[in-house]
Amino acid sequence: MKRLPLALLLGFTLVVTGCGTKTAPATDQQQNNATSGQTTPTDKKDETAKQPSKQYDKAPEMKIDPNKNYEAVVETNKGSFTIQLFAKDAPKTVNSFVFLANDHFYDGIKFHRIIQSFMIQTGDPKGDGTGGPGYSFEDELKNGHSYDKGVVAMANAGPNTNGSQFFIGSGDDVKNLEAQPNYTIFGKITAGMDTIDKIAATPVKANAFGENSTPTETITIQKITVTEK
27 MKRLPLALLL
37 GFTLVVTGCG
47 TKTAPATDQQ
57 QNNATSGQTT
67 PTDKKDETAK
77 QPSKQYDKAP
87 EMKIDPNKNY
97 EAVVETNKGS
107 FTIQLFAKDA
117 PKTVNSFVFL
127 ANDHFYDGIK
137 FHRIIQSFMI
147 QTGDPKGDGT
157 GGPGYSFEDE
167 LKNGHSYDKG
177 VVAMANAGPN
187 TNGSQFFIGS
197 GDDVKNLEAQ
207 PNYTIFGKIT
217 AGMDTIDKIA
227 ATPVKANAFG
237 ENSTPTETIT
247 IQKITVTEK
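Numbering (the working numbering), first residue to last: 27 to 255.
Hints in this document: simulated from the structure, not taken from any laboratory.
Among the hints, erroneous ones may be present.
Taking lysine-lysine pairs in the DSS-like style, the calculated list, with each CA pair at most 25 Å apart, reads [unchecked claim]:
1) Lys168 <-> Lys152
2) Lys168 <-> Lys214
3) Lys152 <-> Lys114
4) Lys249 <-> Lys89
5) Lys214 <-> Lys114
6) Lys201 <-> Lys114
7) Lys201 <-> Lys168
8) Lys231 <-> Lys201
9) Lys114 <-> Lys168
10) Lys224 <-> Lys201
11) Lys231 <-> Lys114
12) Lys89 <-> Lys214
13) Lys255 <-> Lys224
Build the full structure now, drawing on both the sequences and the hints.
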């Protein structure tokens, strides 16, 4: 999936930077449009990044039942964590996530952007914040959930540009997104928050835009298993 939109992140940056905090999750395209001193959850191009192994012509047909409960166990090389998926509140988003997970799209994808006090971002098959599944779908905002540590939300490049990139709130700075709630929340961590903390604590270096968010260690998703409850 993509990083959070630059435009969105930019606005967030103004709010966060003013408080001495970090910026929000955006896509690389967003950062390219960012102005001085403004940043968003996005990754920069990495010439060593792999090209996506799978691409799709269109978003998947609705296969999940919004009235049922879904859970995703994400295995990484740092440990595992469990996501409670909000199928009823964000059906299109959960349907896409489940489709991609079941098709092993996320296997081997790395966490390309980490801001410990804010969020960790992944889901880009290219590993540089510019990749996605080949399709996009609409936002599902104002679904009753709030940005907090442990929340799972989509990154994007602007309104209705959701793909495969998503982020997980890893610190209190994620709460600043409430001032600009432009990222669809589709789940929350119910187990394995210690794994999220480990990933968030990974040392980082400056990216092409000067943001200290590029991990110096490769952290990857090994497998995502979704179960219907």
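How the hints compare with the structure:
Straight-line distance between C-alpha atoms of Lys168 and Lys152 comes to about 30 Å, which puts the hinted pair past the 25 Å bound. With a C-alpha separation of about 16 Å, the suggested pairing of Lys168 with Lys214 holds against the 25 Å cut-off. Among the hinted pairs, Lys152 with Lys114 is inconsistent with the structure: their alpha-carbon atoms are about 30 Å apart, more than 25 Å. Our distance criterion of 25 Å between C-alpha atoms is met by Lys249 and Lys89, whose separation comes to about 20 Å.
Distance restraint check for Lys214 and Lys114: the Cα-Cα separation of roughly 14 Å lies within the 25 Å cut-off, and the hinted pair is therefore satisfied. Proximity of Lys201 to Lys114 is assessed by CA-CA distance (about 23 Å); at most 25 Å being required, the pair is judged to hold. This hinted pair checks out: Lys201 and Lys168 have alpha carbons roughly 15 Å apart, not beyond 25 Å. Between Lys231 and Lys201 the alpha-carbon distance is near 24 Å, which keeps this suggested pair within the 25 Å criterion.
Note on Lys114 and Lys168: the hinted pairing holds, with a Cα-Cα distance of about 13 Å set against a maximum of 25 Å. At roughly 20 Å between alpha-carbon atoms, Lys224 and Lys201 fall within 25 Å of each other, so this suggested pair holds. Simply put, Lys231 and Lys114 have alpha-carbon atoms about 39 Å apart, too far for the 25 Å limit, and the pair is violated. Distance restraint check for Lys89 and Lys214: the Cα-Cα separation of roughly 21 Å lies within the 25 Å cut-off, and the hinted pair is therefore satisfied.
Proximity of Lys255 to Lys224 is assessed by CA-CA distance (about 28 Å); at most 25 Å being required, the pair is judged violated.
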